[in-house]
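Asker: Residue strings, one per chain:
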Amino acid sequence: MGQSVATWRRWAWLTGLLVIPLIILAVLVYLTGDISWIQRASSALILMIIVVGLHTFSGNSGVISFASVAFAMIAAYTSALLTIPVEQKPSLFPDLPFFLEWLASFSVPVPLGILMAVAFTGLIAFIVGIPLVRLSGLAAGIGTLAFLVVVTVIVTKWKAVTRGESTMVGVPKETTLWWAVVGIAIAIAIAALYQMTRRGRRLIASREDDKAAMSIGISIPIERLWGWTLGCAIAGLGGALYGHYIATFSATTFGFALTFFTVAMLVIGGLGSLTGAVVGVLVVQILAEFLRTIETQGLGPIPMLEFPGITEMVLALIMLLVLILRPAGITGGREITTWFRRRKSAPAARGAST
Amino acid sequence: MYLQYIIDSIGTGSLYALMTLGLALVFSVMGLMNFAYGQLVMIGGFAMILLRSQPWWVLILGTVVAVVIVSLLMERLAFRPVRTATAMTMLITSFALAQLLQQAARVAFGANPRPLEQFSELSVQYTVGDLYISRMTLITVTTTLVSVVVLALLLKRTNIGVQLRASTEDVEMSKLVGIRSNRVIASAFVISGVLAAIVAMLFFSTRTNVSWSSGESIVLIAFVGAVIGGLGSMVGAALGGFLMGFTYTMLNALLPVELRVFADAILYTLVIVVLLIRPAGIIAAKGVRV
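Chains as they are written, first to last, in my numbering: chain W, 1 to 354; chain Z, 355 to 644.
Fair warning: there could be bad hints in the mix.
Claimed, not checked - With the C-beta cut set under 10 Å, the calculated list includes, among others, these residues of chain Z facing chain W:
| hint | residue |
| --- | --- |
| 1 | MET384 |
| 2 | MET387 |
| 3 | TRP410 |
| 4 | THR440 |
| 5 | VAL525 |
| 6 | ALA580 |
| 7 | ALA617 |
| 8 | LEU621 |
FYI, nobody ran anything at the bench for these hints, they're computed from the structure.
Idealized CB from N, CA, C, for every residue including glycine.
Isolated chain Z, as found in the complex (with noise of 0.2 Å):
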């Protein structure tokens, strides 16, 4: 019994590891907290719709595509002219872009959210003893493994992610060895859309419909998981978002019945304490001022 919802919370909690990590990725190198993420996200679910007649292989390149494009567009145009400003303005102008792409999307798709036809395929059940597994969760967690290995490896072996590294060190002394800070944030922001295309069809394949809210509840996750795990830190953030989804699923699970429409509060309030202990988060990476 308790097995089951322990593997239900590992499939919530890999899919939040994911969404915080594209978030943490653009802080670490800009400090920007970019609340626009969550809308990157939700344009990946309409792209989806409109590619879902289409063979797996486009829909799959065409919504990673859409929503890089996006995403880059948002670094060029919004948050290039702010990047010097204060931390407040950064997140601010984030706020008002996530505004923007939302109603952008509500005016384009209109206020009723859009049905999206099921990946009959991809809800499979398969049982190991009385043990229930459906192939989304194996799929989820599979990707978010290899999504983390991947990003592991590009910011390890690769020419552009020992720049990433070196700016999310320090940006001043970064450009005087000669790296160039707008192709190496320009590139985060690829890196972060890919990663929010790949959470939009994780989230939207076990979901009916995507709606021009749809981003809200996706980038608060992540922003909170980012925060709580340590910022500047991607191990911190992946573990942060992974917390979220694992105690939020485990909640839902184990309080009684009357308690259970309170699971948001009481998670939020565990964020407040976790923020108060370590308000660095919990793994704090050196020299990150919060």
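So that you can see chain W by itself, here it is in the shape it has in the complex (with noise of 0.2 Å):
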């Protein structure tokens, strides 16, 4: 790859340093034996995988897309499409249309399904990608918002492909907390490396002045559509694992509310870093649950409180507090390493690893 022996450290570095403590987490997690908590720390892990396929494109670019959760979307329903048992398939999909009978032939196992889902949703990203990814600014918001609307109708009312808006049934359960750690290790590493190489640091120049790098020959729709395309499949990971761990859902399950989340929870942890994407679901997932106990069984002196709604109605203040008090998000959008090289007293090289 050509890449120099002080960015394979420095990769590393990112890398170890972000997901050791979430393997030490799920390892801990694992250890307590309770089923729920397993399950949380799974769930919050796939989301993980999302946000950092929403970092990919968003963080380094600094254009926003509201679309990471249809890839998302596009990823689980394809992954269940293939790994559905041969045997249920015609009762499930009796309508299928002609172009897609072979869909009902045959069925491959899970892991496959998944890296084949994320192919798919590459291709798709990497298609629709090149018009998008000329948007910037609200323009852009509103493309993929619209590209989201789009996907969600299509799944909600293509019923003899995705059951329209019943239900998604029969997909293979296999998603379990470590195939959730190995999916955010892959996430993590493959994001950390591609804004180390070229064609991050050229998107990262665009999103610090689009001007000055045209100037020096960046072509910023072509960096634009590789971290678009890169962070759609990162999401589209995310999906499938998802897909597999909640075995039915429906577009309901990827709709705006997620969407949302996941936007807040990058935004929080502070854009524009990887390390900030991994913080702010972290706070925000814990903080989630925290709530969520408060909510359903009380917790210690605080009484149960039966209000359906009132953990979103929190959640959503507390984010709008940090948002008021630190804009930037928890991070200020630095990576973990910069407080090491600061430790270490080192000049403090802030562009080196953003």
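Fit chain to chain and form the complex, with the hints in mind.
Answerer: So this is what it looks like as structure tokens:
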């Protein structure tokens, strides 16, 4: 790949510093043996994959995208269609259109299904990315939001293939905590590598100053298309894993609510850094679980609060406070490695690791 | 037959145009896409439920006052602190605020939609030849036209309107000539609130219930309409909203039945196409960076 030894060392540091604490956390949760905690940790890690995918595009390019959940949805449905056991397919999908009839004749093991789903998602992302990455600012926000609506409508209404508003059932439930750990490790490793290689640096350069980037010959649409395709494929990995984790899902599982949460987690963590994506998910998820516990069973001296929606309400309030008090997010858009470097009192090279 | 579709589409289009205006006004003054705008309409709907048994003028006045108060609080508590932050942070702030208001409504009014007793006097139908025009369509179109004219007069002829437009052109410069931006922005939120209340009354009069999630679809329409119409331009925003509503109703009427369920997908694909051809909107205001 032609990367220098120093780049690889930086990559190893960033990946290690982010992944190892997550592995330790997962092991600790596993050791408690509490099923509900293991479930919460698994879904938080899977969600983190989607947010890392979002960061790979939005964080590095500075262009907002509301479409990552749409790609997670595409991947979840693709992997489901590929892995549902052959004998169940005729009853679940009796009216497949002629050009998709071949789907009913086979099924693949789950890991292969996930890989194929990620590849397919990447392909779709590449195709729709060609026009979409030309948009910036609010137009990009609207364009990607419109894409999310289009995907949602197709998934909800194309009954023959997606079972429409009825939930997808019969999906093999194979994602475990360890699958989620492997998934997030892969996602972080790839995202970290991308933003340290030449392609990623060019995209970051276009975020920092588009005119300067263009003046040194960077083609912004091409760099954005790379980041977009990679980011959407990573979101697809999260989506496919999620599908095999909850096993029954519908279009509402991947709706505006999830989109809001993923974007909010990224911004709260700190837009522009991979560390921000990881920290944002951890903080928001821990907070959400804490609140949900209070809502459903009370916690210590705090009585149970039986109002549907109180968790989401308090969560939104806290997000609002974070945004008002710390608009650049918890990490301020810096990577975890910069803190370590600063401690060694070396010149703090901010640009070198963001 | 087609004329009938066009009449219905004009009705929806006018309502959508009104929806986008309130959003576009705030955007043009402070560069904020206020995602919580739809929740103002939702709050207006709940105000209508609470005031349903009152005389009509109390209902109208009460709804407007309630929505304007929430709109002002929004500006003061949430948006003023992030005014200097990036556009992305402001957008997410409004997202969080929308979520907060929505969930608060869910806690306060319950998860199930609340029934809203119909206004029977509004469902009268007039026949002209073989065309049907409901009184509601007439009211919607008239209200939209009146609101647009009043808004235009307000912006052109009044002191605060001139200050608003000056801030839209150049915030820094307008501050230098002594315009108090806090007051100007607050007044934009007041006008935006009044528009949201009007939208709420027109929108929910044709519905049978109000739910905590009612605001979501409205803000999506307004948001998209404002951007494709042309940000920073009031005429553009109204046009964008109108086109959204008009196209949507026409698609629903003209598409073959089996494709009708995909009307939304087609509409939003068209939106992407419009954005690609004119990223700054159909009527782009000068100097607006999108």
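Asker: With reference to the structure, classify each hint as holding or not holding.
Answerer: Verification of the supplied hints:
Among the interface hints, the one on Z/MET384 is violated; its C-beta lies about 13 Å from the nearest C-beta in chain W, farther than the 10 Å criterion. A hinted interface residue such as Z/MET387 counts as satisfied when its beta carbon comes closer than 10 Å to some beta carbon of chain W; here the least separation is about 6 Å, so the hint holds. Given hint, Z/TRP410 at the interface with chain W, is violated; its Cβ is 32 Å from that chain's nearest Cβ, farther than 10 Å. Among the interface hints, the one on Z/THR440 holds; its C-beta lies about 7 Å from the nearest C-beta in chain W, closer than the 10 Å criterion.
Restraint check, Z/VAL525 versus chain W: the minimum CB separation of about 18 Å is more than 10 Å; hint violated. Hint on Z/ALA580 holds. Least Cβ distance to chain W is approximately 9 Å, under the 10 Å limit. Interface hint status for Z/ALA617: upheld, as the beta-carbon distance to the closest one in chain W is roughly 8 Å, under 10 Å. The restraint placing Z/LEU621 at the interface with chain W holds, with a minimum CB-CB distance near 8 Å, inside the 10 Å limit.
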